[in-house]
Amino acid sequence: MQPLRSGWRSAAMTLAFCFASLSGPAQAALFGGDDEARRAILDLRQRLEQSQNATRALIEQNAQSQNQTQNLAIAQLRSALLDLQGQIDRLKSELAQSLGAQERLARDLTELQLRQKDVLSAVDDRLRRFEPVLATIDGREVMVDPAEKADHDKAMALFRQADFAAAENALASFVLRHGASAYVPSALFWLGNAQYANKAYKESMANFQKLLSMAPNHPRAAESMLAISNIQIELKDMMAARKTLEDLIAAYPQADTVSTARERLSRLR
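Take 1 as the starting number for the sequence shown in this note's numbering and just add one per residue.
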């Protein structure tokens with residue numbers, strides 16, 4: 001609005017200059033006397049003031065319009081900035097959520113891999129438990145189930161500790177659970193000995209006889225027959241004891257127990 005203000009000022013100054021440049025007579029002639037001139041001047045001044053007032057009003061109105069425009073522009077800019085900040089905040093939140101989801105996914109994947117490793121390790125352990133292992137039974141090397149070996153070793157540990165009652169229970173349980181095991185003949189032999197120690201003579205004899213029936217060529221066969229003769233002596237069945245000793249000498253002439261069998265046989269005659 002500066003050009004408009006300057007234009008009004010220029011026009012007013014030009015009019016005032018023209019008025020001032022008139023001589024007294026010219027003014028009198030122009031206005032026809034002092035009164036008329038005075039009225040003309042007053043009228044001119046009034047018009048000039050009105051023009052200046054109008055100019056000032058126009059300037060103020062224009063300034064207000066500019067202020068309103070600026071305020072509106074500032075408000076719009078602020079609104080745009082707020083919207084932009086809101087978008088930035090939402091993007092930050094979404095990014096944080098995405099990163100959080102990725103971290104959770106990474107943790108879940110790590111935990112899954114660890115669980116998978118544990119499961120595979122457990123499976124391997126179980127498979128190893130079922131894999132046959134090499135064992136030496138009465139001088140012979142055979143492949144046996146790990147569980148069978150563990151149960152047999154526990155039972156024999158009780159026997160070596162002279163806990164014959166516990167050993168009898170453990171060996172009898174072993175024979176029931178592992179009836180097809182290569183350990184069974186040996187388990188029957190030691191079960192018979194544990195029962196003999198517990199004075200369960202009939203049960204002891206039955207297990208020695210079962211061993212002879214199952215494995216007549218077992219390394220403990222001759223010892224089993226000698227043990228049977230001992231039980232028969234304990235039961236006061238001397239005839240049966242002599243018969244058992246004679247059968248032992250005939251069946252296993254090379255056994256270490258033959259000399260003991262002959263000595264006992266000579267005492268029974």
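Any given hint might turn out to be false.
Claimed, not checked - Cut-off 30 Å, straight-line C-alpha distance, at most; resulting in silico cross-link-like pairs (BS3-like, lysine-lysine): (1) LYS202 to LYS149; (2) LYS199 to LYS243; (3) LYS243 to LYS210; (4) LYS202 to LYS154; (5) LYS199 to LYS210; (6) LYS236 to LYS149; (7) LYS149 to LYS92; (8) LYS202 to LYS236; (9) LYS210 to LYS236; (10) LYS236 to LYS199; (11) LYS199 to LYS154; (12) LYS210 to LYS154; (13) LYS117 to LYS149.
In case anyone wonders, no lab produced these hints; they're calculated from the structure.
For clarity, every value in this text was computed on a predicted model and none was experimentally measured.
A quick look at each hint next to the structure:
no.	hint	in the structure
1	LYS202 to LYS149	holds (28 Å)
2	LYS199 to LYS243	holds (22 Å)
3	LYS243 to LYS210	holds (18 Å)
4	LYS202 to LYS154	holds (25 Å)
5	LYS199 to LYS210	holds (18 Å)
6	LYS236 to LYS149	violated (38 Å)
7	LYS149 to LYS92	violated (65 Å)
8	LYS202 to LYS236	holds (13 Å)
9	LYS210 to LYS236	holds (22 Å)
10	LYS236 to LYS199	holds (14 Å)
11	LYS199 to LYS154	holds (22 Å)
12	LYS210 to LYS154	holds (22 Å)
13	LYS117 to LYS149	holds (28 Å)
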